[in-house]
Structures are given as C-alpha cells and as structure tokens.
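Based on the hints, put chains B and C in the right spot on chain A.
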Amino acid sequence: MNLASMRAAVAPLFTSWLKSDSNQISLASFLLFGFFAALVIYYYRVATQSSRPLPKLRRIAGLDAIDESIGRATEMGRPVVFNPGMSSFSAPTYGALAVLSYVAKQTARYDVRLIGCFRYPEVLAVAQSTIQACYVEEGKPDAFRTDDMRYLSGDQFGFASGCVGIVQRERAAAHHMFGSLAAEALLLAEAGAAAGAIQIAGQTNNLQTPFLVAACDYCLMVEELYVASAYLTQDRLRTGMLAAQDIIKVILIALILSGTLFVTFGSTLIGDLLILY
Amino acid sequence: MRRTVPLTISFVAGMIMVIDGWLKIGFINNFATRYLMPSVTISVGWAAGLGALNLIRLHSRNIAQKRLNYQYSFVLLGFFFLMLTCGVFLQGNTTAPFYQFFYSSFQVNLSAAVYSLNSFYLVSACYRTFRARSWESTALLVVACFTMIGSVPMGAAMWGGFPVIQNWIVKVINDAAIRGLSIGVTLGTLSQCVRNLVGIERGHLQAGE
Amino acid sequence: MNNSIWQKAASIDNRILYIIMAIVVAVPLMNPIGFPIVFQQEVLDTVELIRSFPAGTIAYVGAEVAATNAAELRPMMIAIVQLMYELGHKIVIGGFWADGCSLARLWAAPFLDEAGAVYGEDYVILGYRPSSTSILDQARTNFIDAFSDRDIGGLKLSEMPVMKGLEKASDLGYLAIMNPGSPGTATYTTAWRATGEVNVIIDCCTSGMYISSGNNYQAGLTAGLIGGLNGAAQLEQLTNRPYKAIRSMDAQALGHLAVIALLIIGNIGYFQTKREEEAK
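Residue numbers (this note's numbering), protein chains in the order written: chain A, 1 to 277; chain B, 278 to 486; chain C, 487 to 766.
Bound conformation, chain A alone (with noise of 0.2 Å):
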C-alpha cells in the first residue's frame, strides 16, 4: 500500500470538515492536539478530584536559586532586577510573568526593592497590577513603588541599555532574566556580571543559551522556564499539566525512534502516515 493510495482512501474521510496544509500533517497534528488535550482533561481530573499522587518534578537549580538571590539581595540591602523579556504577550512572557509573581512575594516579604523593566507598555500594565496584588496579599501596600515599573523602549537596544543602566546605577544585588531574549542577552548578562549581581536566567531562544549559560550563574534550560510556575508554587493543577506533555514528549520520541529505524531499513511507514492528510 504506497503514499498515494492511502491518501486516496483517508481524504473523502475529511476533506469535508478538517483544513489540509502544504505539508500535508494536517490530521497528524490535529489527533496529536486531540490527544494532548485529553491528557489535560484526564490530569485535571487527577488533580483536582482525587489525592492520587502526580509525578515529582525534579530539581531545578536556577529555580531553587532565587531564593538565594532574594536573601543576597535582603543581606547587601541591594534591589532586585527583573526583565520579564524582550516580547508582547506570548508563551515565555507568561512564564516570565508567573515567576515575577512568585519574586514580588517574596521581595514584599524580605523589605527588598524589586525593579522591572519592561519592553512593551502593555506588559508593564499586567506586571505592576500583578505586584501591586503581591505586595497588598503580603500586608506591605505601601512598599508598592509605580516608578520602579520602568518602561524602557519599544527599541531593543533601547531597551537594553536602558537594563543595563538600570543594573549597574542601581548595583543590582540580583539580576533575573526571564522570558524570551534575543540578540540583547549578553548585553544583559555582562552588564549584571560587571555590577556583581547573582544572575539567573530563563529564557526558551534556543541561540541565547549558550551566551547565557556562559555569563549568568544560573540558566534555565529552555522549556524549563515553562515549569517555573508549578515549581515554585508546587500547584496540583500545574504539575499535572507538566505530566500531560511530558507524555506527549514520550510519544514524539518514540515516533522519531520508530520513523528512524523503519527508514533504516527501507520502509516508509511512519513517514508516510503521518504526512496522510
């Protein structure tokens, strides 16, 4: 049974209401999608209506060091620095934006100055609501500061000479770079590095890393930054959500492992089913 054939016998099947691409990984993608979202259904049933136990999330370094970075900050009587990245509301600016939750907690508990700096004015609305909430759940509603929620520059090299400025005037005691970085990341890094401030970062740009696993003391690798949120709060709901795509991962791997050694040994198969419609 070749390629064609197959799709000849799927296509009728679909053509009616599902979209086909280019790449012909239409129907692949959308029961991989199916699927995913099942797991979520399945796991927020596990967490939320029964106490049976989630897979244990494994140590984070970078995560377990903002703890540390925050006292450092509260023993040197130095501020705090955050970048919650160089985008608008995406994915990574979420994860960004879940861990500078768990950092203006903690910056309200200790009496430390906490400075954001922000790329879009619309993040920077979000994020000051979102500490100003921090700070009032802390009972601290007065250490709240509105003028150290900096909008720097829709420019990024604006932006990030304003960060750098920022870092090395202010001698951050800790720099935290989360979110999504581009070209500015070493900018960044070195400039905290200069003022002597502990750097963590988490950002999901895969041809950052290596400057930041370089020049920071800590570097979240990639989707790590996505696990922030269930770490640090250690939520049910989070963690279980963790588990749904590590299980997708799983099946990836094993359908790269499986496409491989059919192609190996000259079939197809894998391939060709999932290019079917």
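No lab work stands behind these hints, which were simulated from the structure alone.
Beta carbons: idealized from backbone N, C-alpha and C, even for Gly.
Check each hint, because a few of them may be wrong.
What the hints assert, rightly or not - Below 25 Å or equal to it, Euclidean Cα-Cα: the simulated BS3-like pairs (lysine-lysine) are:
1. A:K19 x C:K654
2. C:K642 x C:K654
3. C:K760 x C:K494
4. C:K494 x C:K766
5. B:K301 x A:K19
6. B:K301 x C:K654
7. A:K249 x A:K56
8. A:K249 x B:K448
9. A:K105 x A:K140
What the hints assert, rightly or not - Rough simulated footprint, nothing fancy, chain B against chain C, three-plus residues with beta-carbon under 8 Å:
10. 519 to 527
11. 543 to 556
12. 580 to 592
13. 614 to 621
14. 694 to 707
15. 734 to 743
Stated by the list, open to error - Away from chain C, derived, C-beta distances all over 12 Å, residues of chain A:
16. F14
17. A133
18. R169
Structure of chains B and C alone, referenced to chain A:
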C-alpha cells in the same frame, strides 16, 4: 469578575483561533480572518500610547523632583517630543529631510553602537568562562576554537580541515541539539498556551490563587 | 618569568581586552588584507535558484532589519536586490520590523535607482505594518488590501505597474527574507509556506540565526540559505559586486583569531597559576 471576564475572553478568542486552525466551519473561519486577526493590529496601536504615557510620566517626575541624573530625562523628553512633532506635522512622510536627519544620524547610529558592544562583551565573557577546568569545559573550549577558525576564510587558508570540522560540528552535533531543544520548547509553549487558554495559569491576573 | 605574569595572563582587565579587539577589528577595516573568499555549497545553490526564475517573476524581499544588524544584512540586502533587478524580477519590499522598510529605502533604493530601476515599475517598498501574523494571513487572499493599498510614501499600490499580477501571496515567485530574529523567516514560513502559498523561501540570516536557519534549510522548509557576513561576502563575490561584506571579512577573521589567542593565553595563565599554587 476581575478575573472571570478576562479569562472568558481569552478562552473564547483562543478556542476560535484553535478551531479556525484545523476545522472548516464557515462562520468561525470568517470571524477569525476578518475580525479577530485585525483586532490584534488595533490593540497593538493602543498599547503604544500607553507606553508613551508611562515614559512621559516617569521622566517628568524625575525632572520635577530633581532626582539623580534628571538631566538625561530632559534629553529623553526633548527628543521624544521632537520626533513626535516630526511625525505629526509630516503626517507619515518619513522622506522629509528633517525627519531623515534625526533618524539616520541618531537612531541608526546609536542602535548600531549599542549592538556593537556585544562583540566586546562576547570577548570578555569568553575569556572569563572558557577555562579548561573540567572535561566538559575543555570540550567546550576546543569546539569553540574549531568553530571560530573554521567559519572564516583564513581558517580554510591555514588548513583545509578546519571548515570541514566546523561544518560537521554545526550541521551534525549542533543541529541535533537544536532540534531536540526546539521540540521541547514547542511542547512547553503548547502546554503554556493551553494553561492560559483554560485559565489554569493566572499569574498575569493579579496573583489571586 | 615570575608568578605575577601568569596571574596577569589569567586575569587580563576587560578594558585591555576591549582595546585589543578594537585595534584588531579596526585596522583591517581601514587597510583590507584581501583574504580569499571560500564558497559554501548552500550559497552557490541559492544563487543558482534565484537565477532559475524567469524575468517578470515577482519577488518579495522581507526587510526585517534594523540598524543593529546592518553589518551583516545591509550588504546582503543590497546584493540580493541588485541580483533580482539584473535578472528582471519585480521587487516588492515589505517588513514587520519598525525600521525595516525605512532602512531598505536608505540602503537598497539608491543602488536600484543607480542601476536604472524605476520606483513603482521595477520595485516598491510597502512600508511598516504592525502585527505580522494578521497582515500575512490577510495577504493570502488579498495582498493589496492587506497592506492597505499604500506604500511607504502613501502612494496607492493598486496603481503601480510593479504590483500588476500580485493579487494574493501565491502570485509571488519567491521570498528572500532578511532574518535577524523574529519576525523573520519563521513568520513567513508559518504564514505562507505551511499553508502552501509560496514554496520557495530564501533565508538570508545573520550569523546568530545561522544555526536554526541551517536546521530549517536541511529539513527543506527553506529553499535557500545565505548566512552571516560570510554568506554576504560570498554573495557579493558571486554577483560580482564587492561592497562592505568582502571588506569586513578580514576584520572578522582577525577578530576570531584574536579571541582564540586570548583564550589560549588565559588558559595557559590559569594552568600555570594553579600549578604554582599547588607547588606552594
């Protein structure tokens, strides 16, 4: 209410886009293409104004209270209003000599100057970090040296093997690692998006747990 | 030789490092040495691919550039548009980086005008638009409406001869995207390649993006790849239009060697210092 409304809006809008991505449902496809997508463009425009107001407020306060380095706030606000005036009175005609002078003389050159700091910081970061303290860091050092020499014509002139080794490092080892990381990032992004979509992730909504 | 020399070698002040790099990079820029350019197969294949399109093909250039990536992308953009014009392709320049189209006008337009190209007939610059995703999505069905029927100077696109025949994205022959990050080639690949509108995307990336762009090229998502200053220099050589990239390659080569020399000095100083401390 303060959390319910935003969560409902994100869920509905998100589900429309997810459905539009896969399924052929006429009114949803039409709504997504004709109304939802252009609305993103409109909201971005409004957000720009918000940033400008924040900038003006912060630096005006610096000047009024004569905080440290308040002179730079004068410079910033001065250029801000200058370029704003150019944009308003020139009505989007960016070919005007006045606008072009400030753009190409200041903006372009300053941006390039700040970016070029990267090259110097790269040297200091490499010098500080690439020490053969362990087997892993020695491997990192050796690979970095081969990659740097192999990527310039001078390396090929010194020995023909340098570009071959560099090519192998980049195309085989590096590509494999990047693909693995990319798959992980994509799944993490998918999971984060689903968490936002169904309202599990609320860190951006005033930290209410 | 005494201890302090090895300690100094292991901990050279950053300012001295910066001065060394400044000299090593500046001198060859002012007095080019002329190292030979080595051609990569992907650049050769990309140039042949562009040459395979007939005269009259509408080519889209994604001016996703800023002043920060001028060193690599400026010579690349200039060489690409000159090649396109020489082959008789119609050039549509658009971009979703704020400075992109303005810089395309500063960088590329003078070279095109000098070669005899007429704005509006041979090339057009669309102007900046926010939100790449929605614009590119709309362009799949109506290209001119997606860009509000206006170019960078406010002129009507529908009245320009260069836009004749371009009603939707699938009317484009190929794309050449300057790719320093996001939005970049991935944006166009998602919007137009994955949906089948355009099958040929040429990725003109910076050296920082070369790793991920190489991945996409190997996987067949992009049809051509020209990476970094090295790629720009090869492109200039192949199109017989030497400009800044070829001149800058000498500086890049010496810069790399200087970094390697500093790494070696630093490591020698580190090991000697360690040995002498252990001997004490």
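A quick look at each hint next to the structure:
1. Note on K19 (chain A) and K654 (chain C): the hinted pairing holds, with a Cα-Cα distance of about 19 Å set against a maximum of 25 Å.
2. In summary, the hint linking K642 (chain C) to K654 (chain C) is supported, as the alpha carbons are separated by about 16 Å, within the 25 Å threshold.
3. The hinted pair formed by K760 (chain C) and K494 (chain C) meets the criterion: a straight-line CA distance of about 13 Å does not exceed 25 Å.
4. Distance restraint check for K494 (chain C) and K766 (chain C): the Cα-Cα separation of roughly 18 Å lies within the 25 Å cut-off, and the hinted pair is therefore satisfied.
5. Taking the CA atoms of K301 (chain B) and K19 (chain A), the gap is about 6 Å. The hint holds against a cut of 25 Å.
6. At most 25 Å may separate the alpha-carbon atoms for a hinted pair to count; K301 (chain B) and K654 (chain C) meet this at roughly 21 Å.
7. Taking the CA atoms of K249 (chain A) and K56 (chain A), the gap is near 17 Å; set against the 25 Å cutoff, the hint holds.
8. The suggested pairing of K249 (chain A) with K448 (chain B) holds, with an alpha-carbon distance near 24 Å, which does not exceed 25 Å.
9. Our distance criterion of 25 Å between C-alpha atoms is met by K105 (chain A) and K140 (chain A), whose separation comes to about 10 Å.
10. Only when three residues or more bring their CB closer than 8 Å to a CB of chain B does the claim for the region 519 to 527 of chain C stand; here the count is 4, and the claim holds.
11. Coverage of a stretch by a chain is defined here by at least three residues with a beta carbon nearer than 8 Å to that chain's beta carbons; for the region 543 to 556 of chain C and chain B the count is 5, and the condition holds.
12. Only residues whose C-beta sits within less than 8 Å of a C-beta in chain B count toward coverage, and the region 580 to 592 of chain C has 5 of them, enough to reach three; the restraint holds.
13. Restraint check on the region 614 to 621 of chain C versus chain B: 6 residues with Cβ-Cβ distances below 8 Å, three needed, restraint holds.
14. A stretch counts as covered by a chain when three or more of its residues have a beta carbon under 8 Å from one of that chain; for the region 694 to 707 of chain C and chain B the count is 6, and the coverage holds.
15. Proximity of the region 734 to 743 of chain C to chain B, defined as three or more residues with a beta carbon under 8 Å from a beta carbon of that chain, is established by the 7 residues found.
16. Look at F14 (chain A): its CB is around 16 Å from the nearest CB on chain C, clear of 12 Å, so calling it non-interface holds up.
17. For A133 (chain A), the requirement that its beta carbon stay farther than 12 Å from each beta carbon of chain C is met, with the minimum near 29 Å.
18. Distance to chain C confirms R169 (chain A) as a non-interface residue, since its nearest Cβ pair spans about 19 Å, more than 12 Å.
The structure fails none of the hints (numbered hints given earlier).
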